[in-house]
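Protein chains in written order, with numbering that gives the first Met the number 0: chain A, 0 to 391; chain B, 0 to 166.
I should point out that these hints are in silico values taken from the structure, not numbers from a laboratory.
Just so it is clear, CB atoms sit at the ideal spot from N, CA and C, and this is done for glycine as well.
Mixed in with the good hints, there may be bad ones.
What the hints assert, rightly or not - Calculated cross-link-like contacts (lysine-lysine; reagent style DSSO-like; alpha-carbon spacing at most 30 Å):
1. B:LYS141 to B:LYS44
2. A:LYS238 to A:LYS224
3. B:LYS129 to A:LYS374
4. A:LYS126 to B:LYS129
5. A:LYS324 to A:LYS187
6. A:LYS238 to A:LYS374
7. B:LYS44 to A:LYS372
8. A:LYS126 to B:LYS140
9. A:LYS374 to B:LYS140
10. A:LYS126 to B:LYS44
11. B:LYS140 to A:LYS6
12. B:LYS44 to A:LYS6
13. B:LYS141 to A:LYS6
14. B:LYS129 to B:LYS140
15. B:LYS44 to A:LYS238
16. A:LYS187 to A:LYS224
Claimed, not checked - Chain B is faced by these chain A residues, among others (derived, beta-carbon under 10 Å):
17. PRO140
18. GLU143
19. MET365
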Amino acid sequence: MLTRTLKIGIVCPYSWDTPGGVQNHIRDLAEFLIAAGHEVSVLAPAMDEENLPVYVVHAGKPISIPYNGAVARVLFGPVAFSRVRQWIAQGDFDLLHLHEPAIPSISLLACWAADGPMVGTFHAAAKRQKIIFAIGPILEPAIEKLSARIAVSEAARLTLTDHLDTDAVVIPNGIYASRYQEGTPQEKWQGNTIGFIGRFEEPRKGLSILLEALPVIARFAPDVKVFVAGPGDPKEVEKQIDPQLRHRFSFLGKISEEEKADFMSSIAIYVAPNTGGESFGIILAEALAGGACVVASDIPAFEDLLGQGEFGGLFKSEDPTELAKVVIELLRDKDRRENLSRAGRLRGQSFDWNVIAQRIYSVYEMSIVGSEKVKLASDTRSWNRFLSKDDK
Amino acid sequence: MTNWVFAVFILLISLWYLSFLATRLDRLHHRVETSWANLDVLLQKRAAVALEIAHSDIADPASSLLLTGAAYQARDAEIQTRSAAESGLSGALGLLLEDSQHLATAADNALLTELSALTDKIRVAIALHKDAVTRTQMVRKKVIVRIFRLAGTAPLPVTYEFESDVL
């Protein structure tokens with residue numbers, strides 16, 4: 000894949016030390032590119048200045064703002080702006096890769112400040128918002144500077160066309176598919192088991208839908224067990240569970256990558272009842288690669304990922320009765336489960352970093368052809384050149 | 000006095016806005032050029048691969064003839080006939096690929112893989128070019144851009160017909 004060594008600057012809008020899909024994507028991409036021989040520098044805000052990987056440059060402490068139904072830890076302001084400009088000026092980059100450049104963050108600042116080959120990746124999927132009429136004209140000239148736009152899913156692409164009237168190439172998020180293939184089934188998680196991974200305290204992850212469906216499922220499959228993994232305090236959730244069913248729940252806490260691989264290959268069904276705010280669903284891709292039989296809500300991103308039901312079961316989002324129905328059918332039908340998981344494994348392969356990074360890299364190549372290095376926009380503007388000469 | 004200051008202020012702001020718009024337009028024109036250059040290179044490569052396929056064992060003599068003709072046409076086409084020539088090549092390749100998948104040998108497979116990788120890239124390049132062109136057209140439609148002739152002498156970029164059905 001290597002045709003020439005590039006100096007690539009990646010901007011991460013969200014705080015590096017809070018867990019999240021965008022951060023994971025950037026970390027994996029950066030590490031993959033470095034392994035392929037490129038020079039990579041990631042600019043990111045972080046709470047804790049120490050303990051950052053060597054390739055991450057600290058941009059400052061993030062602030063919390065509400066965005067798209069969750070709290071986003073981002074960074075902007077005059078100080079951050081000058082930090083971004085300094086990074087660009089010193090970096091001597093061949094290309095900038097900005098993530099989520101349409102939200103108030105250092106990505107947007109970098110988009111303003113830089114001139115040259117730039118690629119933007121749009122992660123978020125959201126319904127059309129009125130506010131876009133007000134902020135659209137401000138964003139447009141900045142977004143226009145990107146030589147190529149990538150959307151991580153069809154849902155994200157539609158959000159982009161809806162909001163900013165511009166098109167994008169769809170390249171899904173990457174996973175290290177091989178890591179999930181090698182999971183060994185663990186007896187403690189086998190049987191009539193349902194798995195769930197995620198920050199279960201967040202309402203949009205939809206654990207409560209699964210809780211509501213469980214009494215029905217338990218009636219048809221009395222020995223069903225539910226394993227919930229992910230960071231969070233289970234006490235609040237346990238209060239919602241019917242006391243008779245409480246012993247069927249196990250909270251595993253945060254699990255490691257290897258445990259995740261074992262988990263996916265052991266459980267009978269992986270359930271993703273997310274109610275929205277999900278643009279791609281990396282955990283589903285991982286579940287597929289790990290050979291789990293998947294049941295997910297029919298939000299656009301998941302429908303897309305599961306090929307409209309070809310690679311896993313779908314149920315009407317926020318409908319516990321339908322979830323129960325789909326799960327019971329699958330628990331009873333071992334053959335169908337095995338078929339789905341076989342098809343799913345193949346599907347999971349298509350999200351492997353080897354494939355995805357190659358596609359991202361060819362977009363890089365196309366943005367670079369015939370262009371020069373990344374510079375500060377203010378250096379190339381004749382107006383400013385004229386003014387700064389006066390200063391000296 | 001205040002009126003006068005105010006007028007100067009407005010004038011400065013509008014001057015700044017005009018220069019901002021001009022830079023923006025310049026950048027867009029640049030984007031159209033680079034994305035077209037990209038696409039052009041990829042299409043040339045495709046014609047070359049098509050020729051190789053035509054000379055390999057994948058193609059029977061009749062398809063070989065058709066493909067060679069189409070590839071040469073695509074290579075030599077003037078800008079006006081480019082669209083038709085590229086569509087022709089796509090058609091010829093499509094015909095051949097439809098029934099050659101099962102009888103390809105390993106060496107031929109390398110060619111076919113190269114072609115499909117190229118096709119993927121062309122698809123991306125087309126999307127990028129189309130987007131650059133539509134954005135530029137949108138900005139150039141602005142009244143201010145037209146009144147002050149901010150686009151200068153640059154021709155209005157257009158998309159080619161073949162772009163939507165090239166693959």
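Subject >> Index of numbered hints that the structure contradicts, given in increasing order >> reply: 1, 6, 10, 11, 13 and 15
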